[in-house]
Amino acid sequence: MSEEPGADRPSPSFEARLKAARGRQGLDAPPPTSAGNSGDIGGMSPWGIGLRVGIELVSALVVAVAIGYGLDRWFGTKPILTAVFVLLGGAAGVLNVWRLFAPRPTRGPKVQDGGR
Amino acid sequence: MAAGGSIDALSQFKLHSALGPIGASVNFTQANLMMVVASVLVLGLLWLGMRPRAMVPGRLQSAAEMAYETVMNMCLETIGEEGRKYFPFVFTLFFFILFGNLLGVFPYFFTFTSHIAVTLALTVFVVGLVTFVAIRIHGWHFFSYFVPQGVPAALLPLLVPIEILSYVSRLISLSVRLFANMMAGHVMLDVFGAFVIMLGTAGVIFWLPAGFSLAVNVALIGFELLVATLQAYVFAVLTCIYLHDAVHLH
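In order, the protein sequences belong to chains A and B. So for the first sequence, the numbering used here puts the first residue at 1; every next one is plus one. So for the second sequence, the numbering used here puts the first residue at 117; every next one is plus one.
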């Protein structure tokens, strides 16, 4: 009679209740939700997107201008290579931004990148 | 701080030698001192935390284990199974930057990550290592990374330089992101701190805006804690992503 609650313990609902409790405590990872095609933008705030895009655009341009200016000084072709590399750097910056927001094929591990 | 009625927000980043005459003779600055402090704190956390080796961890051991697991998961999820090899590197990088950022929030401490010399050196090391890993694994095939697939051959002379520039621009984007975030936060703190002093000493009618500036500063300190952690995390995750590209190459 007194053993009745003890015998009742491993009921079929135990697994379900354990799963629910683990889910509440965050011990089990929730099933992965596919956050659209471009999984990158999911975790980023608008501020984060803005800063990230700005830095990507400008950094490519900075590198390109530095290389172009250095080559110009080396070869003595003052404005030409700098001008060419400004264009290439702008394109590389846009490429960086495209890499950031491009729809990613969902093979392999999910690469998330929540930058600012 | 506010000197003679004008706000001088950038002098806080000036380096001066630490540890008295010995430090001065070898140019040991307060930034170097903070790097040593950060390293000692990380090592101390791990050493003291893991010393009990308890089955049920205490607080410090939990912290050390969580640190280990967080970075290990980051490596495994981002790089893949090969990420185990690069775990020590990412762990060191993440905690060095994290402690450097967090130490800067305390008064009288210095943020060494607010100097582009430091962040650029870290980034050069990261990109150098990534390139080395890629060449080590793939050999000459590494250079196919710069040749996009499915592109007409006539466009390649234009696209290959763009790809190379995009690769090299990691140096700037990674270092500037960390440096700019840390420096901007500390400049804001300094500016609002100067507001408090200047308005507070200007007369009773300015006490209300002075109090408002003080409240903003309190909020900014909390924001700085967030930024410090987030930037260290972003730096580590981007390192992992670059390592993923290096290991898997396309």
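Just so you know, these hints were derived from the structure itself, not from any lab. Since the model is a prediction, treat every value here as computed from it, not as a measurement. Possibly wrong hints are sitting among the right ones.
[Claimed, not checked] Residues from chain B shown here face chain A by an in silico Cβ test under 8 angstroms; the list is partial:
#, residue
1, H132
2, K201
3, V276
4, P277
5, I278
6, L281
7, L287
[Unchecked claim] Estimated spans, in silico, between C-beta atoms of each pair:
#, chain 1, residue 1, chain 2, residue 2, range
8, B, L341, A, P79, 31 to 39 angstroms
9, A, G90, B, M166, 26 to 34 angstroms
10, B, L342, A, V53, 18 to 26 angstroms
11, B, L135, A, V86, 42 to 50 angstroms
12, B, L157, A, R22, 49 to 57 angstroms
[As the list claims (entries may be wrong)] Just so you have them, the derived chain B footprint on chain A, three or more residues with Cβ under 8 angstroms:
#, segment
13, 17-23
14, 70-81
All residues carry an ideal CB built from backbone N, CA and C; glycine is no exception.
Problem set entry | Hints that the structure is at odds with (numbers, increasing) | 1, 2, 3, 8, 9, 12, 13, 14
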